[in-house]
Amino acid sequence: MTKHLPDIQYQSITEIAPRIRNGDLSPVDLVDSLLRQISRLEPSVNAFLEVWSDSARTAARLAEGEIKSGRYIGPLHGIPIGLKDLIDVAERKTTGGSKVLADNIANSDATVVKRLKAAGAILMGKLNLVEFAFGTTGLNPYTGDVKNPWDKTRITAGSSSGSAAAVACGMIPGSLGSDTGGSIRMPASVCGIAGLKPTYGRIPRTGVLDLSWSMDHVGPMARTTEDCALLLNALAGSDNGDLTSYAGPTEDFTSQFKKGLGLIRIGVQPIISLKIQ
Numbered sequence: 668m669t670k671h672l673p674d675i676q677y678q679s680i681t682e683i684a685p686r687i688r689n690g691d692l693s694p695v696d697l698v699d700s701l702l703r704q705i706s707r708l709e710p711s712v713n714a715f716l717e718v719w720s721d722s723a724r725t726a727a728r729l730a731e732g733e734i735k736s737g738r739y740i741g742p743l744h745g746i747p748i749g750l751k752d753l754i755d756v757a758e759r760k761t762t763g764g765s766k767v768l769a770d771n772i773a774n775s776d777a778t779v780v781k782r783l784k785a786a787g788a789i790l791m792g793k794l795n796l797v798e799f800a801f802g803t804t805g806l807n808p809y810t811g812d813v814k815n816p817w818d819k820t821r822i823t824a825g826s827s828s829g830s831a832a833a834v835a836c837g838m839i840p841g842s843l844g845s846d847t848g849g850s851i852r853m854p855a856s857v858c859g860i861a862g863l864k865p866t867y868g869r870i871p872r873t874g875v876l877d878l879s880w881s882m883d884h885v886g887p888m889a890r891t892t893e894d895c896a897l898l899l900n901a902l903a904g905s906d907n908g909d910l911t912s913y914a915g916p917t918e919d920f921t922s923q924f925k926k927g928l929g930l931i932r933i934g935v936q937p938i939i940s941l942k943i944q
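Okay, so the sequence shown: first residue is 668 according to our numbering, each after it adds one.
Since the hints were derived computationally from the structure, they do not count as laboratory data. Watch out, some of these pointers could steer you wrong.
[Said to hold, decoys possible] Quick list of in silico lysine-lysine cross-link-like pairs, BS3-like style, CA-CA up to 27 Å:
(1) K735 / K784
(2) K760 / K781
(3) K784 / K819
(4) K784 / K760
(5) K781 / K735
[Said to hold, decoys possible] Label-pair restraints from in silico Cβ distances:
(6) R724 / Y809: 24 to 34 Å
(7) K942 / Y809: 20 to 30 Å
(8) N774 / I938: 52 to 62 Å
(9) G690 / I938: 53 to 63 Å
Predicted model only: the values in this text are computed from it and were never measured. Note that the Cβ used here is the ideal one computed from N, Cα and C, for glycine as well.
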């Protein structure tokens, strides 16, 4: 019988991961708890287009077995993640939120999906979006509008509307979105979560539907900025399928959280700066 996990839906990846590693939290129990949350809140939020309950439970059992046998991969091992529905997963639909691609089945995993799987993450399903990621409202006449979890009379912003709403209302601790002109940053802000538009090319876009090839960015969305850094660690790096991907050295993006900010100023006009002591 699945354990009752109070408030686990609203914990961050950085809070959940140590519990999974130490055996205090079962990935199976975590997935079951999140599936109950999805069942309770959908379709009123309309964040998900597809929920992969069976494969998520299978992946959770596999992760639990690996961890119990001492084969812990890292902080994303056993962590459920959702995908904006313009990211390919082999033998799954990638619709871009459009009727035009309603029957489009991907032949292979996007590079970011391969990297999530390699990190031990559990894929929970595909998330709603503005059609073809072209818009900033979260409204979609074909798949239905995504509702803001804080106030369902208000928009989520977009285009990564489902990616933001699902995290905000505790359906998943993290997700992937895409950003061309604000499509990660705006819904993250409106829904009260963290979202990162990485430097262009830092995360490869192989297997991701284009909106604007020269401006698209895939990026993480989660409850905290540190969670986004954990996801960026897994996703960043060059890829032969994306010639714009960054070929430089990788780094631990979470290392910055161990340092104090010190005294910093952000967005101060020079004329004002002269008056600040």
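Outcome of the hint check:
no.	hint	verdict
1	K735 / K784	18 Å, holds
2	K760 / K781	16 Å, holds
3	K784 / K819	33 Å, violated
4	K784 / K760	18 Å, holds
5	K781 / K735	23 Å, holds
6	R724 / Y809: 24 to 34 Å	29 Å, holds
7	K942 / Y809: 20 to 30 Å	53 Å, violated
8	N774 / I938: 52 to 62 Å	57 Å, holds
9	G690 / I938: 53 to 63 Å	58 Å, holds
In summary, the structure is inconsistent with hints 3 and 7 from the numbered list given earlier, while agreeing with the others.
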